Amino acid sequence: MKRLIYVAPLAVFLVIAAFFYKGFDLNPRALPSMLTGQPVPPFDLPPIKGRGDKGFADTDLPGEVSLVNVFGSWCVACQVEHPFLMGLKERGLVPIHGIDWKETDPDAGPRWLKRFGDPYTLVGADPDSRAAIAFGVTGAPETFVVDRAGIVRYKHVGPIDAEDWEDTLWPVIRELRKE
Amino acid sequence: MIVESGHFALVLALFVAVVQATVPLIGAQRGDAAWMAVARPAALAQVFLVAVAFACLTYAYVTSDFSVLNVARNSHSAKPLIYKISGVWGNHEGSMVLWVLILAVFGSAVAAFGGNLPPGLRARALAVQAMIAAGFLMFILFTSNPFERLVPPAVDGQGLNPLLQDPGLAFHPPFLYLGYVGFSMAFSFAIAALIEGRVDAAWARWVRPWTLAAWAFLTIGIGLGSWWAYYELGWGGWWFWDPVENASFMPWLAGTALLHSSIVVEKRDTMRAWTVLLAIVTFTLSLLGTFLVRSGVLTSVHAFATDPERGLFILILMIIVSGGSLALFAWRGPSLRGAGLFQPVSREGSLLLNNLLMTVATAVVLLGTLYPLFADAVGAGKVSVGAPFFNIVFIPLMVPMIAAMAVGPLLSWKRGDLGGAMTRLWAAGVAVLAAAAVTWWVHEGGPLLGLVGIALATWLAVGTLVELAERLRLFREPLADSLRRAARQPRAAWGMSVAHMGLAIAVAGMTGAGAWKVESIQAMQPGETVTVSGYDFTFEGAGPIIGPNYMGVGGTFTVRRGGDVVAVLRPEKRTYPVRNMPTTEAAIHTLFTGDLYAVIGDRDEDTGAYVTRLYFNPLVAWMWGGGLIMVAGGALSLSDRRFRVGAPARRRRPAAAAASA
Amino acid sequence: MRTATVALLLALAALPAAAVEPAEMLADPALEARAREISKGLRCVVCQNQSIDDSNAELAQAMRVLVRERLVAGDSDEAVVDYLVSRYGDFVLLKPRFQSTTLVLWLGPAVILTLAAAVAVAFYRRRTATTRQPPPPLSDEEQRRLRALLDDGSG
Numbered sequence: 001m002k003r004l005i006y007v008a009p010l011a012v013f014l015v016i017a018a019f020f021y022k023g024f025d026l027n028p029r030a031l032p033s034m035l036t037g038q039p040v041p042p043f044d045l046p047p048i049k050g051r052g053d054k055g056f057a058d059t060d061l062p063g064e065v066s067l068v069n070v071f072g073s074w075c076v077a078c079q080v081e082h083p084f085l086m087g088l089k090e091r092g093l094v095p096i097h098g099i100d101w102k103e104t105d106p107d108a109g110p111r112w113l114k115r116f117g118d119p120y121t122l123v124g125a126d127p128d129s130r131a132a133i134a135f136g137v138t139g140a141p142e143t144f145v146v147d148r149a150g151i152v153r154y155k156h157v158g159p160i161d162a163e164d165w166e167d168t169l170w171p172v173i174r175e176l177r178k179e
Numbered sequence: 180m181i182v183e184s185g186h187f188a189l190v191l192a193l194f195v196a197v198v199q200a201t202v203p204l205i206g207a208q209r210g211d212a213a214w215m216a217v218a219r220p221a222a223l224a225q226v227f228l229v230a231v232a233f234a235c236l237t238y239a240y241v242t243s244d245f246s247v248l249n250v251a252r253n254s255h256s257a258k259p260l261i262y263k264i265s266g267v268w269g270n271h272e273g274s275m276v277l278w279v280l281i282l283a284v285f286g287s288a289v290a291a292f293g294g295n296l297p298p299g300l301r302a303r304a305l306a307v308q309a310m311i312a313a314g315f316l317m318f319i320l321f322t323s324n325p326f327e328r329l330v331p332p333a334v335d336g337q338g339l340n341p342l343l344q345d346p347g348l349a350f351h352p353p354f355l356y357l358g359y360v361g362f363s364m365a366f367s368f369a370i371a372a373l374i375e376g377r378v379d380a381a382w383a384r385w386v387r388p389w390t391l392a393a394w395a396f397l398t399i400g401i402g403l404g405s406w407w408a409y410y411e412l413g414w415g416g417w418w419f420w421d422p423v424e425n426a427s428f429m430p431w432l433a434g435t436a437l438l439h440s441s442i443v444v445e446k447r448d449t450m451r452a453w454t455v456l457l458a459i460v461t462f463t464l465s466l467l468g469t470f471l472v473r474s475g476v477l478t479s480v481h482a483f484a485t486d487p488e489r490g491l492f493i494l495i496l497m498i499i500v501s502g503g504s505l506a507l508f509a510w511r512g513p514s515l516r517g518a519g520l521f522q523p524v525s526r527e528g529s530l531l532l533n534n535l536l537m538t539v540a541t542a543v544v545l546l547g548t549l550y551p552l553f554a555d556a557v558g559a560g561k562v563s564v565g566a567p568f569f570n571i572v573f574i575p576l577m578v579p580m581i582a583a584m585a586v587g588p589l590l591s592w593k594r595g596d597l598g599g600a601m602t603r604l605w606a607a608g609v610a611v612l613a614a615a616a617v618t619w620w621v622h623e624g625g626p627l628l629g630l631v632g633i634a635l636a637t638w639l640a641v642g643t644l645v646e647l648a649e650r651l652r653l654f655r656e657p658l659a660d661s662l663r664r665a666a667r668q669p670r671a672a673w674g675m676s677v678a679h680m681g682l683a684i685a686v687a688g689m690t691g692a693g694a695w696k697v698e699s700i701q702a703m704q705p706g707e708t709v710t711v712s713g714y715d716f717t718f719e720g721a722g723p724i725i726g727p728n729y730m731g732v733g734g735t736f737t738v739r740r741g742g743d744v745v746a747v748l749r750p751e752k753r754t755y756p757v758r759n760m761p762t763t764e765a766a767i768h769t770l771f772t773g774d775l776y777a778v779i780g781d782r783d784e785d786t787g788a789y790v791t792r793l794y795f796n797p798l799v800a801w802m803w804g805g806g807l808i809m810v811a812g813g814a815l816s817l818s819d820r821r822f823r824v825g826a827p828a829r830r831r832r833p834a835a836a837a838a839s840a
Numbered sequence: 841m842r843t844a845t846v847a848l849l850l851a852l853a854a855l856p857a858a859a860v861e862p863a864e865m866l867a868d869p870a871l872e873a874r875a876r877e878i879s880k881g882l883r884c885v886v887c888q889n890q891s892i893d894d895s896n897a898e899l900a901q902a903m904r905v906l907v908r909e910r911l912v913a914g915d916s917d918e919a920v921v922d923y924l925v926s927r928y929g930d931f932v933l934l935k936p937r938f939q940s941t942t943l944v945l946w947l948g949p950a951v952i953l954t955l956a957a958a959v960a961v962a963f964y965r966r967r968t969a970t971t972r973q974p975p976p977p978l979s980d981e982e983q984r985r986l987r988a989l990l991d992d993g994s995g
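Protein chains in written order, with the numbering used here: chain E, 1 to 179; chain C, 180 to 840; chain B, 841 to 995.
To be clear, the hints were calculated from the coordinates, so they are not data collected in a lab. One thing to keep in mind: the hints can contain errors.
[Said to hold, decoys possible] Sample of chain C residues at the chain B side, in silico, Cβ under 7 Å:
#1 Pro523
#2 Leu535
#3 Val539
#4 Ala542
#5 Leu546
#6 Gly565
#7 Val572
Keep in mind that this is a model prediction, so the values were computed, not measured. All residues carry an ideal CB built from backbone N, CA and C; glycine is no exception.
Please work from the sequences and hints to get the whole structure.
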């Protein structure tokens, strides 16, 4: 018993070391989405220039499995992702809606879409981050898979590439369509 | 060529370290004087080789040799010379070379000046020191080689980060390392003692100066870091309980406990196993600090070279060094147990209380710092542990500790008289009441913590003076006698009084800045005046400024009190075109009662008004002043001739113990 | 190495904190004070360990504005915080709530203090016990000699 107390420091140290080892596999910055399994938060965004006067609101979502993609003209990773979204649009696999986030210049988003192409069915402007915060977004791009009932079923952080699509997003969408 | 020499020197240093880590150890085990004697020249050779490597790297930085990857990434030809030099350790690879250099310097100091150490203890301590060096040299050579070439060479460097070009930040890391690595000395002595199975007053007396030096350096390092945050971040914050700050604070707390427990070993020859454990824990926390910054397992403001591979290497190193030594402690520790009387109410009892609270505080900071990792690892989700948690759990531990700090030194060894001590503290009690009354009058309705903080600071300050007066028999004997006593006081005793006084002042500073900061954020037109805490800040206007490698806006504020000009403040907002990065240069004018602090922000294009942030930070400078006084106390203790000459041979121990008791 | 550089840039980008802008501030000082207090407890989710009150990140600014709007709309402090927790999880709280996942965190300090105090008390006990052991009772022979001495003294 008395010896035990001399072993205690070693035991505590080893437990902490084990946690550190485990910590290498964890990403302290990757936040799990609070919204998965929750209805899409209410939002009603105005349109961006050059796309008529239809904006983008939560009420547009129910009825069909769709993607909600948060992007911005200032976001370099979105440019990386963009060709892939254009490809998705061409293949016509799933409707993609866009939230044009944090634009300081209202012309910047439309200009960007004009230059690189416009993969979106509906686009709403979110200059003051209201919808982004409602979605719990921390950075762009982020993409949410929304089911027919308007419930968020999956969140993808960062640019989508072919691998993400084949391995996770597309299987999720196919499953949801079967429901 | 010079760069390759540096690399080669590091490789040689590794070989020397391996020799130094093994031969003297075997020699000490066998009692072979010749083998033990290897430690000394090896330690000196090692410091020479590492210094050569460091000099080569510095040369590459100073000459802007962009054929070296590390230099190309972290330096720039347009940097002022001083920041080229500080750039050497402003990055991961270079900072590790500095780390090992400091380790080697400490080791060679033992080799050079440790002539009065028993040869066995010296050989073992130097061998342990070399094991650590070998581990870190391997880390550098295998994962973080600073001498890697870049083919083809870069045209110019990438490293012109304006934030890093700052005196506070340039010298913050070296002091931190001097502290972290300094604790390796106490660690090496502790391991040597565990191997020998012997800890006594003489051992404590050898360990104490190294611990004191490391503690003083770490205090400076932490102080510089918080001072930098205070003037650079632009809103007067100075401590954030950020993981990396905590990483430097934990060894400081544990080191402070070690400093005090080694006194008990020295004077009363008890708490031996505990002191050895503290030495191991303190250095383990220093390694943890190195690990946390480099592994990326925790998020932090300062995370500066996060890389899992390197993190894994340091983790393994830590498990070998700390896990190994704690296992050794589990095995040999029980044999160190002392006997003898130990009364709760006594000087040693008060030092034990200090150790109890400091250790618990360390553990609590560790818990809060690592909790996000724990929660994530067991699947409890992502949580944040921020300043509010730390303030809630840390302050209640410090309040009784500071309160007891005034009493402890008044208790005698072995059996103290608590009633007597409290009676002698009547002056401190009166001062506390007076200070509380004044505080209440000035800041009526302010936070309770402000009142408590000022009361504690006063209690400690006056209590420290009372103890000093008692020791000098001031006012009880003729002044001349007291002065004679003062002259005869050992420097270490003066050091304690000065350091405790420094803490009292620092506590007052933290309290003032934490409880009564006044802030005023607004848009101001030139000519407008805003009153902050009784000071009238008049915005005289702003204009463009152009510096050597930046441009920006500079504003002018005239600060008046009752119509008299107190200060003229010229804050700047700079942009460095190379990095397109804005920085705020706060203008600060320090007064005895607090700092006037002004920051200028953006201009509103329509109205022409500027965003201004004006602060009065009461007593904030006392915090760093108090910190410096603490360091001065440490230095005073360190200069005590008993440490330099007196470290007595063990044979003479009974006499020495009798003299000091 | 690239991750390291990115981490460095991210970390430093978060540093110069301009924080609350006058345009965001509410005219009602009581409401503004509440907003500041709430903001100090909310983590800027894109920064590293900064509160939204201290951060000049755009998302932090948006959150500050949101906090103020909700307060103006009449929400209680708890409701405002709850809303952000429902979006970002407990991660957004700088002061974790007392709940099952933070039990160890909040109770830990008290447990550590108790354990440490128990060790210290055990140490004192042992140290005072060994020295205060009552002397062994006198043997018959000693008793006799003592009595003889006492008698001698009185006589």
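- List in ascending order the numbers of the hints, as given earlier, that are violated by the structure. none
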